[in-house]
Structures are given as C-alpha cells and as structure tokens.
Amino acid sequence: MASSSAALLALLVVVSCAGMAAAVSYTVGDEKGWVTGVDYSGWTSGKSFAVGDTLVFSYVSKVHTVTEVSQGGYTSCSGSNAVASDDSGATTVTLATPGTHYYICNIPGHCASGMKLAVTVTGGGSSTGGSTPSGASAGGTLVPAMGAVVAAAAGALVQVALF
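Heads up: the sequence shown runs through residues -23 to -1, 1 to 140, numbered per mature numbering (1 follows the signal peptide of the UniProt record, and there is no 0).
FYI, nobody ran anything at the bench for these hints, they're computed from the structure. Misleading hints may appear alongside valid ones.
[What the hints assert, rightly or not] Calculated pairs, DSS-like style, for lysine-lysine (alpha carbon to alpha carbon, straight line, at most 25 angstroms):
hint: 1; residue 1: Lys93; residue 2: Lys39
hint: 2; residue 1: Lys9; residue 2: Lys24
hint: 3; residue 1: Lys93; residue 2: Lys24
hint: 4; residue 1: Lys39; residue 2: Lys9
hint: 5; residue 1: Lys93; residue 2: Lys9
None of these values were measured; they are calculated from a predicted model.
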C-alpha cells in the first residue's frame, strides 16, 4: 500500500511539473510594470501567449487597476461593464481560453494615455519567456498573489502521500 501511494505521489509530481514547464509567466511591461507611459502594444510584439500562461501585473495598489474588459471597453477605454477588476498592486491573470483578451487601467485618463493591453492567446504551449484582479473572467482567472494556491496544492500532495 505504501509503495502504491508513493508511486501515485511521484506521478502527480511529474504531471504537475510537466504542466508548469509548458506554461510561461509574463511580467506585463517587464521591469517598468503596469504604469502609464509604456507601449504595451510594443511589449506584446514577438511574444506568443498560450492557454495556461500567466500575466503578472505589478503596480502601485489603488493607484492603478487591472480591469478585464470586452473589445468595446478596450477601444473606448471604459470599464463600466468589466469582466473582472483588481487594484491590489499584484495581480496575476491565468490565460484560460484562446482568443484576444483585453485589459485596461480604469483610473480616469490612464487608459486614454495608453495603459491598456490586448493579448491574443493560442490553444497550446508558449515559446517565449516573460512573467499574473480578484474574481473570475471568461478569458482567465484574475487573482492576487498565488502563494496560497501553491501552499494548498502542496498540502494536498502531502496528505495523499500520508494515506
């Protein structure tokens, strides 16, 4: 029984690692982060985004937002019908579906100043590196820092190993 539990644990670890290796984490704006004055269209150029990848938005809490919007909201810089929004300062978005996903800063004037991002997501593994608001969205999940999720997953693996 103990050997079958150990084998199951080993299999879970291998499968988990394979999934993590395929996904890429993108830091939006690289070292500048999510701020005004960055060319986010240029930032996406040359990057291939795939389902499972994450976008990490780093910004000053309450000074900016990460707001997922429709194409219309992106074009008009309106977050009035937002899919999801966060202003925590550390937002991770997991890209869960293929298609184009749109993000803006909903602070007045920021989106109009260029603080908006359109990401086209394909169905499978990425090929370039890089580096994830609270609530669910059609295109992915917007969550503050991922530490709690990782800790819960590790706890579940330990529990499986013990039984």
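Problem - Unmet hints by their number, sorted upward, for this structure - result: none
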